[in-house]
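K.L.:
The residues making up each chain are set out below.
Protein chains: 2
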Amino acid sequence: VENLEELPIDAPAQKTVNLYKVDNYTFGTKQASQKQHERNPQRLKEKYQERGLRHSVAGVLLVHHHRHPHVLVLQRTKDAGSFWLPGGRLRPGEGDLEGLSRKLDNRLKSPSQERSHWEVGDFLATWWYPDFSDNRYPYIPPHVTKPKEKLNLYLVQLPESCAFSVPSDLQLLAIPLFQVFNNAEQYGEVISSLPTLLSRYHVNYL
Amino acid sequence: VENLEELPIDAPAQKTVNLYKVDNYTFGTKQASQKQHERNPQRLKEKYQERGLRHSVAGVLLVHHHRHPHVLVLQRTKDAGSFWLPGGRLRPGEGDLEGLSRKLDNRLKSPSQERSHWEVGDFLATWWYPDFSDNRYPYIPPHVTKPKEKLNLYLVQLPESCAFSVPSDLQLLAIPLFQVFNNAEQYGEVISSLPTLLSRYHVNYL
Ligand SMILES: [Zn+2]
Ligand SMILES: [Zn+2]
Ligand SMILES: [Zn+2]
Ligand SMILES: [Zn+2]
Numbered sequence: 021v022e023n024l025e026e027l028p029i030d031a032p033a034q035k036t037v038n039l040y041k042v043d044n045y046t047f048g049t050k051q052a053s054q055k056q057h058e059r060n061p062q063r064l065k066e067k068y069q070e071r072g073l074r075h076s077v078a079g080v081l082l083v084h085h086h087r088h089p090h091v092l093v094l095q096r097t098k099d100a101g102s103f104w105l106p107g108g109r110l111r112p113g114e115g116d117l118e119g120l121s122r123k124l125d126n127r128l129k130s131p132s133q134e135r136s137h138w139e140v141g142d143f144l145a146t147w148w149y150p151d152f153s154d155n156r157y158p159y160i161p162p163h164v165t166k167p168k169e170k171l172n173l174y175l176v177q178l179p180e181s182c183a184f185s186v187p188s189d190l191q192l193l194a195i196p197l198f199q200v201f202n203n204a205e206q207y208g209e210v211i212s213s214l215p216t217l218l219s220r221y222h223v224n225y226l
Numbered sequence: 021v022e023n024l025e026e027l028p029i030d031a032p033a034q035k036t037v038n039l040y041k042v043d044n045y046t047f048g049t050k051q052a053s054q055k056q057h058e059r060n061p062q063r064l065k066e067k068y069q070e071r072g073l074r075h076s077v078a079g080v081l082l083v084h085h086h087r088h089p090h091v092l093v094l095q096r097t098k099d100a101g102s103f104w105l106p107g108g109r110l111r112p113g114e115g116d117l118e119g120l121s122r123k124l125d126n127r128l129k130s131p132s133q134e135r136s137h138w139e140v141g142d143f144l145a146t147w148w149y150p151d152f153s154d155n156r157y158p159y160i161p162p163h164v165t166k167p168k169e170k171l172n173l174y175l176v177q178l179p180e181s182c183a184f185s186v187p188s189d190l191q192l193l194a195i196p197l198f199q200v201f202n203n204a205e206q207y208g209e210v211i212s213s214l215p216t217l218l219s220r221y222h223v224n225y226l
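Chains as they are written, first to last, in full-length UniProt numbering: chain Z, 21 to 226; chain S, 21 to 226.
It should be emphasised that the hints constitute simulated quantities derived from the structure, not laboratory data.
Hints are supplied without guarantee of correctness; some may be wrong.
Intra- or inter-copy, both count: the list cannot distinguish identical chains.
In silico lysine-lysine, BS3-like type, Cα no more than 27 Å apart, as pairs [to be verified]: (1) Lys35 x Lys170; (2) Lys166 x Lys98; (3) Lys65 x Lys55; (4) Lys55 x Lys170; (5) Lys35 x Lys168.
Pulled out of the complex, with its shape left as it was, chain Z reads as follows (with noise of 0.2 Å):
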């Protein structure tokens, strides 16, 4: 029987994720983090006046159910609308694996947990934003001189146990990857298309 994950003949070796078992995590709630979860057309374009390019950064945490990849989705839970994935804007200055460990712990850490370590690994996708509107490409349009903000997406390494804890307003949804490919219409361009994404890597069921 051939195994249908091994390795081809001569190609450059292929990267492993490690993927644990949705059930090794717990999901716990924590205060509401009273932010504004949607973009703003005029709010954006006044931070953009006044600072330029916005730096943007999400993670992409992988649990398994059942031997098939769950991406973790945040979703505001008053009215269920759109899914993002957990991440935010930089602060002026702040590099990319600094800020996405400050929003991980905004978004998933629990209170009671001192510290955080969030094993942030590869660099997986660039989304350019020309205006201010959700429209989002993954390059810069022909013409377009200046985008208005960079979305940088990173694989984030789980450990093999947690315990997550959300803000009120918000919950933390684990969706198949079947689920969200060629579903941009429910879950927009960015999470459907996880699943080729991932697709070059080696997922080691544990």
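Put chain S with the ligands on the given structure of chain Z with help from the hints.
P.N.:
Chain S with the ligands alone, transformed into the frame defined by chain Z:
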């Protein structure tokens, strides 16, 4: 003025891909390949019963025009139907890199050129075919235990210039990334997902 292409301050090193102008390359014609380019479910089924999982490879060859990346794709000359990346099925026991080089020779090498050297680089993505239709997924769908075909995509770094020679029943086209993005209807899912897969590279326009 901020350099848009700058690296994130503390991020892992970003990979670079060198793109040369499309005008650096010439595109000629050689004898028709007489091969069947469409997927034939009955024939695929027979082959599967003989040989098991079919291993295929394809190359992502990039050029630029006015500093926007373009991908080289093939199309039948006759009826201008579907598009595909240069590549094809491996022989039994053949490695990915060996097979991809052979296929790139078949499709693109000038007959006057004695030897070829294709610089096959990063592994970009895998697509799985659970049956003998055109359906494919960047993961093995749950409950599929015997996928029928696995397609591995590799980035191929082109030389600064060269003479391509294409079988006369095919044409080679350089399609801008902005045209294939979100355009699975025209280009298929494999090609339309390339902009997102390539967004993690720093592009060096030469
Ligand atoms: Zn599940
Ligand atoms: Zn279960
Ligand atoms: Zn062009
Ligand atoms: Zn030109």
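K.L.:
Now tell me if each hint is right for this structure.
P.N.:
Hints, verified against the model:
Taking CA atoms no more than 27 Å apart as the test, Lys35 paired with Lys170 passes in both settings, with 26 Å inside one copy and 17 Å between copies. Proximity of Lys166 and Lys98 under a CA criterion of 27 Å is satisfied in neither setting, with 35 Å inside one chain copy and 42 Å between copies. Proximity of Lys65 and Lys55 under a CA criterion of 27 Å is satisfied intra-copy only: 18 Å inside one chain copy versus 55 Å between copies. Taking the shortest alpha-carbon separations for Lys55 and Lys170, only the intra-copy value of 20 Å comes in at or below 27 Å, while the best inter-copy value is 44 Å.
Only between protomers do Lys35 and Lys168 lie at most 27 Å apart by alpha-carbon distance; the minimum there is 23 Å, versus 33 Å within a single protomer.
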